[in-house]
Amino acid sequence: MTEIRYLRAINMALADAMAEDDTVVVFGEDVSEAGGSFGASRGLRDRFGPDRIFDTPISEAAIAGAAVGVAMSGLRPVIEIMFMDFITLTMDALVNQAAKARFMFGGQGSVPMVLRTPHGAGLGAGPQHSQCLEAWLAHVPGLKVVCPSDPASAYGLLRAAIRDPDPVIMVENKALYGMKAEVADELPVLPIGKAAILRRGKEVTLVSYGASVHICSAAAAQLEADGISAEVIDLRSLQPWDEATVLESLSSTHRLVVVHEAVEAFGPGAEIAARMADVGFDELDGPIVRVGAPFMPVPFSKALEGRYLPDAAKVVAAVRRTLA
Amino acid sequence: MTEIRYLRAINMALADAMAEDDTVVVFGEDVSEAGGSFGASRGLRDRFGPDRIFDTPISEAAIAGAAVGVAMSGLRPVIEIMFMDFITLTMDALVNQAAKARFMFGGQGSVPMVLRTPHGAGLGAGPQHSQCLEAWLAHVPGLKVVCPSDPASAYGLLRAAIRDPDPVIMVENKALYGMKAEVADELPVLPIGKAAILRRGKEVTLVSYGASVHICSAAAAQLEADGISAEVIDLRSLQPWDEATVLESLSSTHRLVVVHEAVEAFGPGAEIAARMADVGFDELDGPIVRVGAPFMPVPFSKALEGRYLPDAAKVVAAVRRTLA
Amino acid sequence: MSAKPMNTSRRAQAGKAVDLPALYKSMLLIRRTEERLATLFADGEVPGFIHLSIGQEAVSAGVMSNLTKADTIASTHRGHGHALAKGLSLEGFFSELLARREGLCQGRGGSMHVADMSVGMLGANGIVGAGLSIALGSALAHKRLRPGTIAVAFFGDGALAEGLLHETLNMAALWKLPLLFVCENNGWSEFLPSEKQIAFTLERLSAAYAIPYERVDGNDAEAVALRSREIIEAVRRSGPAVLECATVRVRGHFEGDAQKYRDRADLEDVAKVDPIMRCEAVLKKTRMSDEALQALDADVRSAIENAISVARAGQDPDFERAREDVYTPQGFASP
Amino acid sequence: MSAKPMNTSRRAQAGKAVDLPALYKSMLLIRRTEERLATLFADGEVPGFIHLSIGQEAVSAGVMSNLTKADTIASTHRGHGHALAKGLSLEGFFSELLARREGLCQGRGGSMHVADMSVGMLGANGIVGAGLSIALGSALAHKRLRPGTIAVAFFGDGALAEGLLHETLNMAALWKLPLLFVCENNGWSEFLPSEKQIAFTLERLSAAYAIPYERVDGNDAEAVALRSREIIEAVRRSGPAVLECATVRVRGHFEGDAQKYRDRADLEDVAKVDPIMRCEAVLKKTRMSDEALQALDADVRSAIENAISVARAGQDPDFERAREDVYTPQGFASP
Ligand SMILES: Cc1ncc(C[n+]2csc(CCOP(=O)(O)OP(=O)(O)O)c2C)c(N)n1
Ligand SMILES: Cc1ncc(C[n+]2csc(CCOP(=O)(O)OP(=O)(O)O)c2C)c(N)n1
Ligand SMILES: [Mg+2]
Ligand SMILES: [Mg+2]
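From first to last, the protein sequence lines are chains E, H, V and S. Just so we're aligned: 257 in UniProt numbering is position 257 of the first sequence, and the numbers increase by one with no gaps anywhere. Just so we're aligned: 177 in UniProt numbering is position 177 of the second sequence, and the numbers increase by one with no gaps anywhere. Just so we're aligned: 209 in UniProt numbering is position 209 of the third sequence, and the numbers increase by one with no gaps anywhere. Just so we're aligned: 282 in UniProt numbering is position 282 of the fourth sequence, and the numbers increase by one with no gaps anywhere.
With the rest of the complex left out, here is chain E (with noise of 0.2 Å):
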């Protein structure tokens, strides 16, 4: 067992997929020789070069369909963009060309490519560097979407996306950087769409992805000590989403809680419960309580911010409410 950061997981990742295949090319803004704007790509340039590891002008349009034509000419592009909020401006390659290639052109190929970015709030950053918006992408068929929520999912499920054929977007809550996690000395590779079941428990269940599985961990634990048991599921994937898994721990507690930090309205959380309310309503005995953002960009000042986002408070009363 060693220490690591979820950073460096990342870096360690990255590293790993462009040692094991050489078709393995990242690029970006700053990705280079900076090494990443939070430093996820340190070390690379020097170990792998400037052909396998370059930085791009500002232009997140092209980058990202730079990267699907890459993918349709025989290499593994990873891209980074430097805040979620900024695939405003990749959308349509990711959406019209690179999710559509295979399944348009009649299954004659796929687009391997993976796009990384960081998103979530937290740091102060404002509305237009602290967004969620992956309830977007995994709403488009020929998408993949993954959000890892500590170290060793994050190395896992990057290699992973690598790997894939089909286009996969890996989402990274930056203010999970920094966090540090015992890990083992290798690091397993990780399918992508199954859940990990990180605490056991009788009454409800809590299903979330990225940085808020910390918030239900809390949460379960403040529960523990009220004499309520929880169950905690992470997603790690939310496209596709271990729907039996979470069916499975539905039909042992009969109550079920979403929490994300994406906006709650229409956001990732929508759908879990929906299924839920349907494939799983016969197990239900409680209403379904999601917690996520509420509906307003993300505010700048601490004090608003704090308010903003999801916490174990917040998770607590959900599940007192469908306990109710």
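It is worth saying that the hints were derived from the structure and are not from the lab. Only a predicted model underlies this, so the values are computations on that prediction, with no experimental measurement involved. Any given hint might turn out to be false.
Claimed, not checked - In silico DSS-like cross-links for lysine-lysine, where the CA-CA straight-line distance does not exceed 30 Å: (1) V:176 <-> S:284; (2) S:196 <-> S:260; (3) S:25 <-> S:272; (4) E:194 <-> E:302; (5) V:260 <-> S:272; (6) V:16 <-> V:176; (7) S:272 <-> S:285; (8) S:196 <-> S:16; (9) V:272 <-> V:260; (10) V:143 <-> S:196; (11) V:196 <-> V:16; (12) S:260 <-> E:180; (13) H:180 <-> H:202; (14) S:25 <-> S:284; (15) V:284 <-> V:272; (16) S:143 <-> S:196; (17) V:285 <-> V:25; (18) V:25 <-> V:284; (19) S:176 <-> V:196; (20) S:260 <-> V:176; (21) H:180 <-> V:260; (22) V:69 <-> V:16; (23) H:180 <-> H:302; (24) V:196 <-> S:143.
Fit chains H, V and S with the ligands to the supplied structure of chain E, relying on the hints for placement.
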């Protein structure tokens, strides 16, 4: 009463809004000389002149971005994006600029812009000219989204959208453009956020919007023949949507089916279902069933497209499932 | 071949003569295919909407005469000519446009999405300008994996207004990518002359990035073939170039467009610059007999009719198969 | 004023002398404000991240000296200078950066979103390039509603790579909009010199659209003021223009950036071109006494300290109010 087509209702709304308020300007690709690629703005150039309605280059990002600046500087722009699939190119202007301006500038002003765009399949237009992407926009605090189902609501909602001080996206199902209906001689402006109950029923509530409303009505007629009484709600607005009306209906029918043409997974119906699985949980006597497009790009072949699209049979099956 | 002395000298420069009969045949295949598509469309056999490139065949034939299979192209909504000249199977093509399971895209894409990765045709595209960055990426991959191979981005004069053009020109120049930008300037962008939309010239725009630029008569197949040959050789060696082909859109923006917005005179003039008639005149003067030309036409027509028969005999695509094929079957790479 | 003969002759052309003391004061206000922000940031009083424009003040002061309140500007992530020179209230500004309810944006936007519609400042912007099309739209509205009024789009050299630049240059040229493009070329785009990102020159790019282009020493406030005066007059009359201001980013990309990627020599040179020191030298030579200069500095400093005190005394924003203010209170226009 007169009979008009959906497209003509839009044309009338544009004309009446331009006549009422000379700060209303219309721009977009082929909207002026050609009168719109579907003909929505026919005749407006002759009547209002090229200063009020003008053609733009194929520059969707700048069209939407310009609309934000235009709206901040005293005019009320109505822009057209030729197919909803192309809003991929306008997302930054919509999401990071228009939607947030009022909030992030501390309520100093607002961005009274309207974006009109057609969605929907059925014309064999293929994967990049048929998508229903309204779920993305409904997830964005600061935007409003309307989606009229008939000539009267097309007129009434577009008038409301143009008068609205905040950015509104009006999504028009292109399969409806030719639809004719009797309307009042004086067409009213309709409130954004208010649903219409199209048919009263007792055993199940069918919620939808846009073209799918007609599928629900057809399904309700079929169900009636089988002795099942369905209530049909036309949401008209997706953001905000009329939660109170849906909840009230659910409180009398106790069963809910949500129908739309957008992809089911992470689609707009997920929010409606999720909300009702929370605030309406105690009213539910059966699973909430959604009928939406399957998780695949819109296929070109009519044989595939026919299977792809929601239809009355699927709605009937969904109703039977929730009543089972 | 050509009566024009300029071309003769250029041909001399380029070293090798242009295979004019081959160009002619390539153009004829596109023309006859699209003429048939027009009738099939009118008869309701082709669903969706289609954009014909009648009148613009010389660009496809000329440019593609200098590409190999390894070279890639990214095309547009008006992509039939690009596709056929790049070597797509005619049966696969018609089967696709008739929405058959046997189509190149299994009936899922149609006219606006015909593609054949095996011949380097990365797809027609329904999004104006989108092919530019796909070609950019393809050129990037070529540079790393297959030096000497190039990518070609086709785009219309309307697409000149898209921001992606600027981004890709900049990146292509910055990285000296083997990327040829081919603008098919037919003067129209849907229903509006593009001069009402474009305030710059592509020549001056290219100059900004110091990307070599050439303009060629896009209705002269031989000229396109010759000029693009030199340019493509340079692109293979040293980086991007822009080729602007002046051409003419004969039919409406899409089939069914009555072109009421267009001067009758403009439309009548069109016949005069027809690339196929021009080429035929040269061929007649120099080497091909009327019989040979007729035989060629007959060949082309029968290949097309054959392809149409095959397409008509094809089946509707299978829904479940389509639904499963959104992702690569093997799915994720599990550990 | 300036020792440079070129400027003298230009001043003569322009007809009216530049108010150098006013320019100086405007620059000093920006400089001292940002110096204080740097310490406040280091002390943890300013949340989020901030991008300082120290070294670039002459651009803001010079351009804004020729604008009226009705003229609008769209700014960037590095927008403090633009904001202050355009006339934002200092108290409102500091209150915003300290995330107070009393801030110009009620503490919801912060450094990257300072705005004041009442003085035509349409907002700093966190999205590189986004201000370009907002300014385009504003210019369009001016042309219809307020002839003679202009919009100015500020953008950095890194933003040159965004496609939006091309789209807005084209539309501005096409419609002859009263839009001035001001590129603040500080040589850097985050941690990479922009010459590694930009393969073109803005001069040649502007030429493509036939948009008048001028380059000016962006660290010479008088030169910026004089050149932009003429240009702005032309923009008011006849349409878009591009002004490129060569300048220097003294501090890191954001506060906290140690600039390890940057040559020490480069950083040391910076002092030599400091716009404020240059302006001060001229002022000293011509008309202002040391005492007057010191008094000015003291004034500016005390205004800033006062604004900081006000900001510090401010309150946290109210959450419920913020949440309600996503939409305009009156809501939809009901019938
Ligand atoms: C991004 C985008 N915007 C608009 C359209 C609609 N559209 C299709 S073709 C076309 C005109 C294109 O003109 P040009 O590039 O000159 O090609 P041409 O049709 O002349 O071959 C437009 C506006 C589109 N398909 N994609
Ligand atoms: C669309 C977008 N892409 C990337 C970024 C991240 N970013 C912020 S500033 C910057 C560099 C901008 O350089 P330049 O335009 O020269 O402005 P300067 O910082 O030099 O003032 C980058 C890449 C962003 N904010 N928006
Ligand atoms: Mg054209
Ligand atoms: Mg810069």
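*Of the hints given before, which are not true for this structure?*
Violated hints (numbers, rising): 1, 4, 5, 8, 11, 16; every other hint is consistent with the structure.
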